[in-house]
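Colleague: For reference, the chains in residue letters:
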Amino acid sequence: MNRWVLGAGLLLATVVSVLLGVRLGSVPLTTAQVLEALRGGGDPVVRDIVVQLRLPRVLLGVLVGGGLAIAGATFQALLRNPLAEPYILGISGGASVGAVLVLAFGWMAAGSWALPLAAFAGALLAIVLVFRVATATGRAMDVRVLLLAGVVVAAFFSACIAFILSISPARTVQSAVLWIMGSLAGATWRGVLLTAAYTTPAAVLLIGLARPLNLLSIGEETAHHLGADVEKVKRTSLVVAALITASGVAVAGVIGFVGLVVPHAVRLLIGSDHRALLPLSFLAGAAFLTLADLAARLALSPTEIPIGVITAFIGVPFFLVLLRRSIAA
Amino acid sequence: MRLRAERVVVRYPGSSVPALDDVSMDVPPGSLYAVLGPNGSGKSSLMRALLGLRRIEGRVLIDERPVGSWDRRELARAVGAVTQSESISFPLTTRELVAMGRYPYLGPLEREGEDDRAAIERALTACDLVGLAGRDVTTLSGGEFQRARLARALAQEPRALVLDEPTASLDVGHEMTILELLRSSADSGMTVLLITHGLDMAARFADRMLLLSRGRVAAEGSPAEVVREETLRAVYGWPLAVHQDPTTGAPRVTPLGSR
Chain A
1 MNRWVLGAGL LLATVVSVLL GVRLGSVPLT TAQVLEALRG GGDPVVRDIV
51 VQLRLPRVLL GVLVGGGLAI AGATFQALLR NPLAEPYILG ISGGASVGAV
101 LVLAFGWMAA GSWALPLAAF AGALLAIVLV FRVATATGRA MDVRVLLLAG
151 VVVAAFFSAC IAFILSISPA RTVQSAVLWI MGSLAGATWR GVLLTAAYTT
201 PAAVLLIGLA RPLNLLSIGE ETAHHLGADV EKVKRTSLVV AALITASGVA
251 VAGVIGFVGL VVPHAVRLLI GSDHRALLPL SFLAGAAFLT LADLAARLAL
301 SPTEIPIGVI TAFIGVPFFL VLLRRSIAA
Chain B
330 MRLRAERVVV RYPGSSVPAL DDVSMDVPPG SLYAVLGPNG SGKSSLMRAL
380 LGLRRIEGRV LIDERPVGSW DRRELARAVG AVTQSESISF PLTTRELVAM
430 GRYPYLGPLE REGEDDRAAI ERALTACDLV GLAGRDVTTL SGGEFQRARL
480 ARALAQEPRA LVLDEPTASL DVGHEMTILE LLRSSADSGM TVLLITHGLD
530 MAARFADRML LLSRGRVAAE GSPAEVVREE TLRAVYGWPL AVHQDPTTGA
580 PRVTPLGSR
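In order, the protein sequence lines correspond to chains A and B. With my numbering applied, the first sequence corresponds to residues 1 to 329, in that order. With my numbering applied, the second sequence corresponds to residues 330 to 588, in that order.
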């Protein structure tokens, strides 16, 4: 498939899913009502729904979905592993420990920022731990050690979570499990702006590294011989992708699947040139997560389903169809 | 372009014996230089040392400049390298793989220009890959993939080529195609350093040979000087006979039975 055609299609899909995300919900709105509310007119209740609830939520979906997908594509290239995903370095585990601690000790009372802040801190801790291990072996960072360190650190954090939850009351356990499965329900404008302020430049930076990432995705030694500054590109892009993931997890919990499968789906359609793969993965992830959130809100309305459940429910069959088609072709 | 190593020593952490010990060589422009030796004799370490990927004692000079003083992109425009093996995990066409050879010529967001496309086409043609340009490299045969990797190095339009067993998995026809390509590249001024296990082919195509044994130079010189029974017997630890090939006139090695 032509990358420009796919790009235009995905851009359109993102815009449409944003519009649908703002229009649909427990109170369905018309496009006219939405536009009216955005101009600051119309029914004040509708205005609140649009401006304070749905718009930040939908935009957060765009940022987190796009961020997870572009981070996933980057990890897959750097680790030369099609099974790599944004949480592979234990970032989700670290963030979950932070979040679960806040929930277990009732620190939510300190303010709405306590949970995302603690989750972000946990994610950072995981990143620092894993990178320290991976660089301890010598001057060059060994991605195999990085992978192994990620798995081990994640296992440790899982044990921490299990321990905290085992001594917590049932209510805490339920809210922790729901947080871990991910949700965009807590979206605020402040969250959107913070996430945007980080994710946007980070995504641009990764796209700027697309050509050296092409080389790294086929092998570090070959990348050296072709003129890439391997260590610099590897470290920069790993840290940037890890931080995108951390900022996403902090505001939306552990939304699985987007970072693993979206880059694969895009790759099946347009190949592995990261100049196209990275931006198109961002758009595809943005549209995908926004639609998944819509489904999470509407499917059992007024009850919300965790968005991670939806991403897997829609994503798996979709991906299997793509995979079958590409094998048949 | 001249490639020179002066008394190079390479040590790996945790190993008391150096991987390369006091190795010197001099590859003048327009020559095909073959490096041979048993498994583990230091051939690949020599390649990494030459291309600035290993910290070394001694000196490596590329065009009379220490390899460490070369910027990586500058080096990639001057020296093309084909490593022993490579595994590709993601879908990629042959043309895309070969086009990666243009990396050191392009800025971060720059698109391939006329020159780049011409270099890619020339490389594809030289390696007989034009018909396979659109194929996914993961579906290529071993020989086709090797040719694609060589084409990528040629697309770098280098003045020197360093290759680590480029014909290892090839049938005799494709092996000859590549060796003739390397020979004619050398004849037209390219510096070619070929690491290989093929004693006969090296003796036939190379101007000079370097025989490594346990990281040290066991012999260096013209094929007639290096391919000698007593030298090879000692290095490979196997009885063998050397005679002159009646067709090519080059020395030819016949391994004998162990008794």
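Derived from the structure by calculation, the hints contain no laboratory data. Some hints here could point you the wrong way.
[Claimed, not checked] Selected chain A positions facing chain B (Cβ under 7 angstroms, derived; list incomplete): (1) Gln33; (2) Asp142; (3) Arg144; (4) Gly219; (5) His224; (6) Ala312.
[Claimed, not checked] A few chain A residues that don't get close to chain B, going by computed Cβ distances all over 10 angstroms: (7) Met1; (8) Gly41; (9) Ala159; (10) Ile218.
Given the structure is predicted, the values throughout are model-derived calculations rather than measurements. Beta carbons are placed, not taken as given, at the ideal position from N, Cα and C, and that holds for glycine.
Colleague: Now tell me, hint by hint, if it's right for this structure.
Modeller: So, going through the hints one by one against the coordinates:
1. Among the interface hints, the one on Gln33(A) is violated; its C-beta lies about 42 angstroms from the nearest C-beta in chain B, farther than the 7 angstroms criterion.
2. For Asp142(A), the suggested interface contact is broken, since its CB lies about 13 angstroms from the closest CB of chain B, more than 7 angstroms.
3. Hint status for Arg144(A): violated, given a least beta-carbon distance of 14 angstroms to chain B, over 7 angstroms.
4. A hinted interface residue such as Gly219(A) counts as satisfied when its beta carbon comes closer than 7 angstroms to some beta carbon of chain B; here the least separation is about 5 angstroms, so the hint holds.
5. Checking His224(A) against chain B by beta carbon gives a least distance of about 6 angstroms; that is within 7 angstroms, so the hint holds.
6. Given the 7 angstroms rule on beta carbons, the hint for Ala312(A) is violated: about 23 angstroms separates it from the nearest Cβ of chain B.
7. With a closest Cβ-Cβ approach of about 12 angstroms to chain B, Met1(A) is found to remain outside the 10 angstroms limit, as its non-interface label requires.
8. Consistency note on Gly41(A): stated as away from chain B, and its beta-carbon is indeed over 10 angstroms from all of that chain's, at 43 angstroms minimum.
9. A cut-off of 10 angstroms between C-beta atoms confirms that Ala159(A) is not in contact with chain B; the least separation is 31 angstroms.
10. In this structure Ile218(A) is not separated from chain B by more than 10 angstroms, as the shortest Cβ-Cβ distance comes to only about 6 angstroms.
In terms of the numbered hints stated before, the structure departs from hints 1, 2, 3, 6, 10, listed from lowest to highest.
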